[in-house]
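J.: Here is what each chain is made of, one letter per residue.
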Amino acid sequence: MSAAPPDNRPLVIYDKIRNAFTLTALDRQASACGLHTGMSLADARAIRPDLAAHEAEPEADAKLLDQIAAWCERFTPVVVPDPPHGLLLNVTGCTHLFGGAASLVTKAERRIKAAGFAVRAAIAPTPGAAWAFSRIGTSKIVDENELQDRLAALPIAALRLMPEASALLRRLGLKTIGQIINAPRQPFAARAGQNAMLRLDQVLGRAPEALTPRRPPPPLFALRRLVEPILTMEAILIVAEALCTDLCAQLDARGSGARLLQFILFGVDNRVRTVQLGLSRAECDPVIMLRLLRERLGVSPEALDAEFGFDAARLDAVEIAQIMLRPVDLAPKAGRDAEAEARLIDRLTARLGARRIGRPQLDLVHAPERANSWAAPNTKTSEPPALMQDGVMRRPLRLFPQAQPVEAIASMPDGPPMRFRWRRVLHDVVRAEGPERITPDWLRAPHGRARDYYRVEDRNGRRFWLYREDFHDRQEAPRWYVHGLFA
Amino acid sequence: MLISDAPAAWRSARVIENSSRLESRDKPTFDEVRTAVAGAPLNEIMPSAPGDHAAALGFALSWALMAAGDGVIFWAAPEQDFFEDGLPNAEGLVQFGLPLDRLLMVRANSQIDALWATEQALATPETTALCAISPVKKPLSLTATRRLLLTAEKHKTRCVLLRLDSAGASAAWSRWSISAAQSQGLGRELGAPSFNAHLVRNRAGPCELNFNLEWDIHGHVFRTQEGRLDAAMDGAVAAALAGRPVDADERSAA
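Protein sequence lines, in the order shown, are assigned to chains E and A.
Numbered per the numbering used here, the first sequence finishes at 487, counting up by one with no gaps.
Numbered per the numbering used here, the second sequence finishes at 254, counting up by one with no gaps.
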């Protein structure tokens, strides 16, 4: 991957290898001057004093490689980054989508070249062979029958051998793969090492090679490549509809549904936009899928940032679950419809976000302000506490997150308030029950003060939950707060 | 099929029947009025004074509980409204008789989102939706209430609007104005949740009716206390407070 040189000077990239600055990459002009990788920077400077040298940034390189890999997912979902600057694409069964293998290679090369990279590509039956042909030689497409013949002409360096092994083979006068391709296995492995034998087997497809794709391939996906880039939301939704129909047909055939979908839009600017959509139950109905996708995309169309448009789109079923067929209830009872409820939750989640939907949940904590938590709609609720026998509420319907200070007068220092002023309104207390002492959490607030809670009712029938902070020295006046409101 | 084709006619027939029965008596009881409007797709509840928000919420929740049967209670409110008067307290809701697993709540970003969510909920069968309308400069429009009414009518669901804004024109079938009422307990003890409900308008029968109600958390019904209001006015409570100066501020309570 070479950046454009700033002027006519040769450009090299160097890195610190074994305490010496060594060239790791160079451009065409530099190599024409006789520079090569592995040369020390000082030597290179001696040959060309006007050299433009930059230190290597392996992390930025890896990031860029990953970006290119993401873009390459338009060809196949199985893309394996091969650092420092290679990509392996498993295009088995995909080539016909692009008009054949040759056309696929040309398209990929042209597009990456247009983005300013130097690129070489090849298609071969094994990953090892593809590696070899993309780096050495002129063959672009190699099929199974001619693999051995074509490989035979390549030098040993095309085998991805350890440096020691390739040095040994060179010393023995073995220069091409053809010379070792049918070598007796035992003596060859004994001299060149097990690794060399394995590499040879892998390049010929005699041994399997495990590849770790950039991301695990989705079990099912639908892909549409477009003749013209699309820009508008309407067009995107039309493509999404086609993808949903495709994907649902595949899901339906397996009797399963998707629980997590990923909608990927490939931009003309070589960037990728991804939208994720979670469902509360496995779904294989294109109408429902599309409606949710529309809600999800409709929230922030500008976030997609179409810029120059999209020329490919893919819909992945990332998580797949079996759809359990339930018997149809022909005489349904009035009550809850779990299916309709799940659909409602999905719709709300797609538009408002999962954080905003749920229910208050009761935690068994002593401190009233921490007894409330927010639970997702599908979580199981704990066993609710028994209702009060007398039908009187002990806890308020609404609780202030922060207790609000009030001015209160009590007849006795330890008694309930007689009247209090809250939000500039004076309330005369008619009924009062208490105190109920709630001590602070010794672990969380060791110096917190105990609270004496009173339930009071004013002359108008409004009910409040007040508390008095325990005061240590009897000199200062007790402080009162309102913490909640009863119905 | 026949019924769904002519719901309006069917409903109006029932309304006429109800109202004629109501008119035949001097003062209809709360249960009679409630059954007359309970099936209505859209009802409104508002606090009669700014200090009665909690009472109006309590009444709205109990109304939703009575209407829901075994169905889901959907509660949408703009987030800002949630914080203004305190968060819904899980323990309090349970003690009010509301099982938390039947509650589905949306803390919406804005009033528009809350209304949208309510509309979605109303399109789900067997749902009772409660939507809080927070006080903003512009009150809810007639069109917005009409949208909810039509959605609820179409899917045979019910909606309760808790109007904390200045409720103006509305498509609702009934509107209740709620204020807190003194509870009945022994001595100085507090009693069950109590409300003064004033039926401001009613498309299905008589209106301008007053009820003094006590909420039964076990049976999910309201108990009326006929004559309790008069007793209180006669000074049963005032006697206990004798000798206490009446504060002028209370009248200007805001």
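Calculated directly from the structure, the hints in this document are not laboratory data.
If you're wondering where the values come from, they're calculated on a predicted model, not measured in any experiment.
Warning: the hint list may mix true and false statements.
Unchecked claim - Covered stretches of chain A (chain E as the covering partner; in silico rule of three or more C-beta atoms under 8 angstroms from a C-beta of chain E): (1) 107-116; (2) 162-172; (3) 202-208; (4) 212-223.
In this text, a Cβ means the ideal position worked out from N, Cα and C, and glycines have one as well.
J.: Could you run down the list of hints and mark each one as holding or not?
T.: Hints and how they fare:
| no. | hint | verdict |
| --- | --- | --- |
| 1 | 107-116 | holds (count 5) |
| 2 | 162-172 | violated (count 0) |
| 3 | 202-208 | violated (count 0) |
| 4 | 212-223 | holds (count 4) |
Hints 2, 3, counting from the list given before, are not met by this structure.
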